[in-house]
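With the hints as extra help, turn the sequences into a complete structure.
Residue numbers (the numbering used here), protein chains in the order written: chain U, 1 to 242; chain L, 1 to 242.
Among the hints, a few may not be true.
Unchecked claim - The calculated DMTMM-like cross-link candidates involving lysine to aspartate or glutamate, where the alpha carbons are at most 20 Å apart (straight line), are:
hint, chain 1, residue 1, chain 2, residue 2
1, L, 38, L, 24
2, L, 124, L, 100
3, U, 182, L, 153
4, U, 31, U, 59
5, L, 182, U, 101
6, U, 189, L, 153
7, U, 189, U, 165
8, L, 189, U, 63
9, U, 93, U, 63
10, U, 182, L, 176
11, L, 182, U, 176
Just so you know, these hints were derived from the structure itself, not from any lab.
Note that the structure is a prediction, hence the values are computed from the model and not measured.
There are 2 protein chains.
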Amino acid sequence: MSTGTLYGVGLGPGAQDLMSVRADRLIRSAKHVAFFRKAGRSGQARRIVEGMLPSSAIEFPMEYPVTTEIPLSDPAYNETLSAFYAQCTAHVKGLLDAGEDVVALCEGDPFFYGSFMHLYTRLKDDVPVEVVPAITGMSGAWTATGMPVTWGDDVLSVLMGTLPEDALVTHMRNADALVVMKIGRNITKIRNALERAGRFDAAWLVEFATMEGQTVTKLSEAEGKVTPYFSIIIVHGQGRRP
Amino acid sequence: MSTGTLYGVGLGPGAQDLMSVRADRLIRSAKHVAFFRKAGRSGQARRIVEGMLPSSAIEFPMEYPVTTEIPLSDPAYNETLSAFYAQCTAHVKGLLDAGEDVVALCEGDPFFYGSFMHLYTRLKDDVPVEVVPAITGMSGAWTATGMPVTWGDDVLSVLMGTLPEDALVTHMRNADALVVMKIGRNITKIRNALERAGRFDAAWLVEFATMEGQTVTKLSEAEGKVTPYFSIIIVHGQGRRP
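Encoded structure:
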């Protein structure tokens with residue numbers, strides 16, 4: 001019996017018809033489906049494929065033991081997550097060793113931030129793995145703004161809202177186009193950094209890009225708005241154009 | 001009679017089954033198809049959809065009057081391209097005004113560099129336009145390397161090889177993960193910049209990502225290699241991971 005294959009399937013920004021044809025086929029014929037989610041939630045990845053899975057598909061939700069309850073800087077955070085990824089890896093490897101293929105659902109693109117990479121690095125040397133790239137969440141977001149994000153020689157920098165404010169300011173000053181992800185509780189710090197870098201007035205906030213409930217707002221008009229962790233801020237480049 | 005719709009359809013990195021389901025449907029049912037190409041070439045966008053267009057589809061190839069024959073800094077470059085885009089716009093607008101839908105084929109993602117934006121900005125206020133985001137070429141490239149490109153709080157910067165060497169060096173030093181596009185004749189300058197920034201040994205060169213002929217080479221082992229303009233250099237981030 002041959003070992004199964006782990007498919008790391010990018011789902012894209014959220015709209016089902018923005019999945020790739022390859023992802024669509026793998027999901028609609030999946031026997032085993034693994035996905036990460038916060039405990040007690042349905043999970044964004046699982047929601048995106050609602051109605052696409054065969055009724056016979058066996059689901060393996062992988063529930064984070066911790067999200068923001070322990071600070072990133074606490075060694076307990078890494079230890080807890082590390083044990084969790086080891087558990088998930090063992091379960092998936094058991095299926096693969098038994099000859100079953102497993103489709104791991106990944107929001108956005110599997111190799112661009114996200115959690116799949118933690119399974120991937122633990123399994124890639126031992127079992128066949130295929131990664132299906134996808135439309136990134138940021139691509140869904142800049143498309144939603146109705147304005148191209150980069151022109152000519154523009155430099156685009158992608159920044160996580162979890163970075164320290166001073167680091168954000170430096171990068172915001174140096175790049176032409178900006179994407180800021182992981183917003184949520186970091187919104188005030190990000191607003192301050194954009195103001196200090198002189199980029200605040202050009203910033204757009206996109207929530208639920210490509211999905212039901214999509215909103216596109218100038219950040220300067222979103223004062224006091226509570227926004228989800230997965231919303232995205234875009235500052236468009238203004239490079240060369242004939 | 002109502003005005004037709006211009007669809008700016010991202011084709012993704014090159015493999016047909018990495019197009020989105022939405023793009024696949026639009027292309028397979030297209031009546032009018034517009035795409036840019038270098039004069040005398042079949043054109044990468046057109047090649048990607050080979051075999052997908054209905055036999056009845058009417059094609060409108062838009063051939064650049066100039067690519068590298070005039071330096072970017074020469075005002076004649078902008079004037080020539082500007083007149084070209086005006087011509088293309090007039091032709092497409094004629095079709096839309098006659099009630100016909102037009103599918104514009106865009107390599108990669110329509111709003112991430114590329115030429116479609118020049119049509120888009122000239123038409124968006126006068127006719128209905130829908131943009132279909134896509135998997136970027138860089139996403140195809142980092143997937144091909146078999147290594148995640150960004151982890152945790154990594155900063156990703158996307159740089160064009162057409163930038164001056166000193167600017168490249170500064171950005172290469174400041175970011176964690178790097179993507180360099182528009183390689184071709186800029187390869188020596190890019191190699192020098194990566195060496196000065198201390199990133200050369202970690203750089204990968206990807207040619208024809210996701211397509212026939214795909215190659216993935218450590219840049220340090222690609223000495224003297226002539227590489228196409230559309231190849232992509234990747235330096236992976238090494239951020240936080242449990």
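*Where does the structure disagree with the numbered hints, that is, which hint numbers, in rising order?*
Hints 1, 5 and 8 not satisfied by this model.
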